[in-house]
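Undergrad: Once you have looked at the hints, place chain E on chain G.
So the sequence lines, in the order shown, correspond to chains G and E.
Those letters in the first sequence? Residues 0 to 299, by numbering that gives the first Met the number 0.
Those letters in the second sequence? Residues 0 to 461, by numbering that gives the first Met the number 0.
In case anyone wonders, no lab produced these hints; they're calculated from the structure.
Just so it is clear, CB atoms sit at the ideal spot from N, CA and C, and this is done for glycine as well.
Warning: the hint list may mix true and false statements.
Unchecked claim - Listed below are the simulated SDA-like cross-link pairs for lysine to any residue, each with C-alpha atoms no more than 25 Å apart in a straight line:
id, chain 1, residue 1, chain 2, residue 2
1, G, K146, E, D345
2, E, K455, G, A166
3, E, K360, G, E167
4, E, K455, G, L189
5, G, K146, E, M253
6, E, K360, G, N170
7, G, K76, G, R262
8, E, K455, G, G198
9, G, K146, E, E260
10, E, K360, G, R262
11, E, K128, G, K140
12, E, K360, G, A166
13, E, K360, E, V452
14, E, K360, G, P127
15, G, K140, E, M253
Unchecked claim - Derived contacts from chain E toward chain G, CB cut-off under 7 Å, selection only:
id, residue
16, L350
17, V361
18, A365
Said to hold, decoys possible - Label pairs and their calculated CB-CB ranges:
id, chain 1, residue 1, chain 2, residue 2, range
19, G, Q255, E, V250, 52 to 62 Å
20, E, P272, G, K118, 54 to 64 Å
21, G, E124, E, L443, 56 to 66 Å
22, G, T103, E, G268, 18 to 28 Å
23, G, E124, E, V266, 39 to 49 Å
24, G, T106, E, G34, 17 to 27 Å
25, G, D164, E, V266, 40 to 50 Å
26, G, L37, E, G268, 33 to 43 Å
Listed here are the chains, written in short residue letters.
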Amino acid sequence: MTEVTPDKQVPPPAPNRRDAPAVENTVLREMPKRKTVLSGETVGNIHSENPFMVAENVNVHYGDNHAIQNVSLEIGKKEVIALIGPSGCGKSTFLRCLNRMNDTIDTARVTGKITLDGKDIYRKEQDPVALRARVGMVFQKPNPFPKSIYDNVAYGPRIHGLAADRAELDNIVYTSLERAGLINEVKDRLDEPGTSLSGGQQQRLCIARTIAVNPEVILMDEPCSALDPIATARIEDLMDELCEDYAIVIVTHSMQQAARVSRRVAYFHLGLLVEVDKTDKIFTNPQHKLTEDYITGRIG
Amino acid sequence: MQNTTLVLRLGLMAIAAFYFGRERSLSLVGGHGHGMALHSLPGYYGYFVAIWVVLPALGLLLLWVLVEPRVIVALVVSGLPESYQALPAGELNLLVNNIRNLAAGDVVSVDVDAVLRDAAAQFDNYAAKSRQLLAVLALGIAGLGGTIAWRRIHPDLRARNRVEHVVRWFLIAASSIAILTTVGIVLSVLFEALRFFQKVPVMEFLFGLNWSPQTAIRADQVGSSGSFGAVPLFAGTMLITAIAMVVAVPVGLMTAIYLAEYSSARVRGIAKPLLEILAGIPTVVYGFFAALTVAPWVRRAGEAAGFEVASESALAAGLVMGIMIIPLVSSLSDDAINAVPRAMRDGALGLGSTRSETMTKVILPAALPGIVGGILLAVSRAIGETMIVVMAAGLAANLTANPFEAVTTVTVQIVTLLVGDQEFDSAKTLAAFALGLMLFVVTLFLNVIGLGVVRKYREQYD
Chain G
0 MTEVTPDKQV PPPAPNRRDA PAVENTVLRE MPKRKTVLSG ETVGNIHSEN
50 PFMVAENVNV HYGDNHAIQN VSLEIGKKEV IALIGPSGCG KSTFLRCLNR
100 MNDTIDTARV TGKITLDGKD IYRKEQDPVA LRARVGMVFQ KPNPFPKSIY
150 DNVAYGPRIH GLAADRAELD NIVYTSLERA GLINEVKDRL DEPGTSLSGG
200 QQQRLCIART IAVNPEVILM DEPCSALDPI ATARIEDLMD ELCEDYAIVI
250 VTHSMQQAAR VSRRVAYFHL GLLVEVDKTD KIFTNPQHKL TEDYITGRIG
Chain E
0 MQNTTLVLRL GLMAIAAFYF GRERSLSLVG GHGHGMALHS LPGYYGYFVA
50 IWVVLPALGL LLLWVLVEPR VIVALVVSGL PESYQALPAG ELNLLVNNIR
100 NLAAGDVVSV DVDAVLRDAA AQFDNYAAKS RQLLAVLALG IAGLGGTIAW
150 RRIHPDLRAR NRVEHVVRWF LIAASSIAIL TTVGIVLSVL FEALRFFQKV
200 PVMEFLFGLN WSPQTAIRAD QVGSSGSFGA VPLFAGTMLI TAIAMVVAVP
250 VGLMTAIYLA EYSSARVRGI AKPLLEILAG IPTVVYGFFA ALTVAPWVRR
300 AGEAAGFEVA SESALAAGLV MGIMIIPLVS SLSDDAINAV PRAMRDGALG
350 LGSTRSETMT KVILPAALPG IVGGILLAVS RAIGETMIVV MAAGLAANLT
400 ANPFEAVTTV TVQIVTLLVG DQEFDSAKTL AAFALGLMLF VVTLFLNVIG
450 LGVVRKYREQ YD
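For reference, chain G alone in the conformation it holds in the complex (with noise of 0.2 Å):
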């Protein structure tokens, strides 16, 4: 899929830090076209043609430090959308404010209107428990819980009581493995500890643990980058899969992997939400400076 990135191709002289302006100065001139500034405005087109969840100025503030500014962006339904950024450029605390988890941070605060099929998340009548049921979120490290790997993938549907009996338990966790990817590998072992798998199993098995809970939305914030690149491609398949039935929104920073799996890319600097566009359109014809110096590997 490099070929979506041809820039990629020919990396630019690595600048140091000092010249960095002149380079800017120097390309500005060349492409006078792309936006450079860093306004606070959103280049490129935030909306989905099947908008599902739709995020409305967005504000995120941990104390005093105000963490995403204005944030507006739709995601739609049964399509990859990826968060790329460099580190602290507020990707994941907008991921973490569509399930609501930046609740339990206490300095958190969120401002701005976020809906999921038209109701707003926010609203003081939302529970934040049951809106976690149907927004799933697959962690950065793999994290599966000190238990079997059968009760790592029964617990939420026990939780929810989604199952009425034995049988249609063991169905639910055998679906969702299967769907995971990891009935074959797991099948015989089913009541051995879920840390007893290798790394790119255990990401597996969370990703097991949250389609179990059959979520609408699934996050995933950085789900590869404690991973190999056999076990990353694992989950990218699963990825390809899963977003028949799912939308599904990534943080990454790879922009490889921003490529092979997402239909739409947003471009996160700062706190603000510099682009969203069509994955090829970012990758080959971005509009915003910023956006075009993080592809290309100039910053970040």
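TA: Quick look at chain E alone, frame taken from chain G:
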């Protein structure tokens, strides 16, 4: 010269040696700014010389302190008239003691005669000479060592490695002090206990149901045959420990859960230090709180409910001991809960668990080994606790499971056996060592299990 003055002088010499050593190392390579030509930093050459000044001299001093008294006594004795030297060892010993006391100006147990006075003068004489000799020798060795070390300084001398080697031996010595002390305590308890078991059979001690540690001084005394069955003591200990744990475990655990997961930062900031204060109250204060406040209250409450309660009851002691242990349980459980990775918490919350589901289904099971380890440590603390039970549980060795009765514990009996005038060859006194040994074995066992469980748990997330 007094030994303290001598040590002080050695210290001054060491400081001087440090500067000389450092300066020499620098001057060898051409002064400041050329330090790179040295193998080690200049300071290490200073330490190197200082060590050679101090260590040999201190070694000599130590040797002197160990050997000097014997040598002086031998010299003084050899100077005594023949008739005195022929005395039996015990009397000779007494005589030497008197000479020493006379020389030091202390009270003497016999009439002072000319021989004694002469010997004391001799003693003084030898002691003074010994001190002078020591001072000369020690300072001489210090100077010699320092000079040799100073001359050996060379840019290629691996001074840092030498110094670090010495430091390492210091560290080893320091850590072995604690270990050797423990070994010494265990051995002394063990040997005294073995002496006890020569008088009282092991089986009777371990399985006897009757504790009455009175031995006869005269053969015709009544009711003083003595019986040393330790079962009632261990039963009493277990009863009080059980009551304490019934109080401490749920309260401590719930405190930990609240502080770790539910409390705001402000409440936590106030509650944690308060709990630590609770842990810092001396147990003797808990003891009179138990004896003067809780025990009468338990008695009144029990009587109001129609039970017959002794004024010193296992319940009162156990309750107070439980309160004493709450901070221990809560802080160890708090640590265990906080050691569960945040990822675990996030994972559970991300699946739509409520806070209490996260706590009971994920965090507590994950923290359980740590919590169990903490509880075992608390149990061993409760078993070894003395002051509260001395004051509140009583002395009656009742074999009972009724918490309203007075019981006694192993630690209480050890205290009562060893308080007051004792002869160290009676079974009564030696019994304390046997009890101590048993107690030590039990708490050691619990600590080993507890620490093992805690360690196993730590490894899980590293």
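Undergrad: Take the hints in turn and mark each one as holding or not.
TA: Consistency of the hints with the structure:
A C-alpha spacing of about 16 Å is found between G/K146 and E/D345, which places the hinted pair at or below 25 Å, so the restraint holds. Taken as a hint, the E/K455 and G/A166 pair is broken in the structure, with Cα atoms around 35 Å apart against an allowance of 25 Å. Taken as a hint, the E/K360 and G/E167 pair is honoured in the structure, with Cα atoms around 21 Å apart against an allowance of 25 Å. Proposed proximity of E/K455 and G/L189 is supported: the alpha carbons are some 23 Å apart, at most 25 Å.
Of the supplied pair hints, the one linking G/K146 and E/M253 holds, its CA atoms being roughly 23 Å apart against a limit of 25 Å. For the hint linking E/K360 to G/N170, the alpha-carbon distance of about 22 Å falls within 25 Å, and the restraint holds. About 12 Å separates the Cα atoms of G/K76 and G/R262, which keeps this hinted pair within 25 Å; it holds. About 21 Å separates the Cα atoms of E/K455 and G/G198, which keeps this hinted pair within 25 Å; it holds.
The straight-line distance between the Cα atoms of G/K146 and E/E260 is roughly 21 Å, inside the 25 Å bound, and the hint therefore holds. Proximity of E/K360 to G/R262 is assessed by CA-CA distance (about 37 Å); at most 25 Å being required, the pair is judged violated. For the hint pairing E/K128 with G/K140, the CA-to-CA distance comes to about 76 Å; that exceeds 25 Å, so the pair is violated. This hinted pair checks out: E/K360 and G/A166 have alpha carbons roughly 22 Å apart, not beyond 25 Å.
Of the supplied pair hints, the one linking E/K360 and E/V452 holds, its CA atoms being roughly 20 Å apart against a limit of 25 Å. Of the pairs offered as hints, the one joining E/K360 and G/P127 holds, with about 18 Å between alpha carbons and a cut-off of 25 Å not exceeded. At roughly 30 Å between alpha-carbon atoms, G/K140 and E/M253 are farther apart than 25 Å, so this suggested pair is violated. Given hint, E/L350 at the interface with chain G, holds; its Cβ is 4 Å from that chain's nearest Cβ, closer than 7 Å.
Interface restraint check for E/V361: the shortest CB-CB distance to chain G comes to about 5 Å, inside 7 Å, so the restraint holds. Because the closest C-beta pair between E/A365 and chain G is about 5 Å apart, less than 7 Å, the hint holds. In this structure, G/Q255 and E/V250 meet the distance hint of 52 to 62 Å, their C-beta atoms being roughly 55 Å apart. Our hint of 54 to 64 Å for E/P272 and G/K118 is violated, since their Cβ atoms are close to 45 Å apart.
The beta-carbon spacing between G/E124 and E/L443, approximately 58 Å, falls within the hinted interval of 56 to 66 Å. Roughly 19 Å separates the CB atoms of G/T103 and E/G268, a value that falls within the hinted 18 to 28 Å. Separated by about 28 Å at the C-beta atoms, G/E124 and E/V266 break the suggested range of 39 to 49 Å. Checking the proposed 17 to 27 Å range against G/T106 and E/G34 shows it is violated: the Cβ atoms sit about 49 Å from each other.
With their beta carbons about 43 Å apart, G/D164 and E/V266 fall inside the hinted range of 40 to 50 Å. Take G/L37 and E/G268: their Cβ atoms lie about 39 Å apart, and the range 33 to 43 Å holds.
Violation of the numbered hints given earlier is confined to hints 2, 10, 11, 15, 20, 23, 24; the remaining hints are satisfied by the structure.
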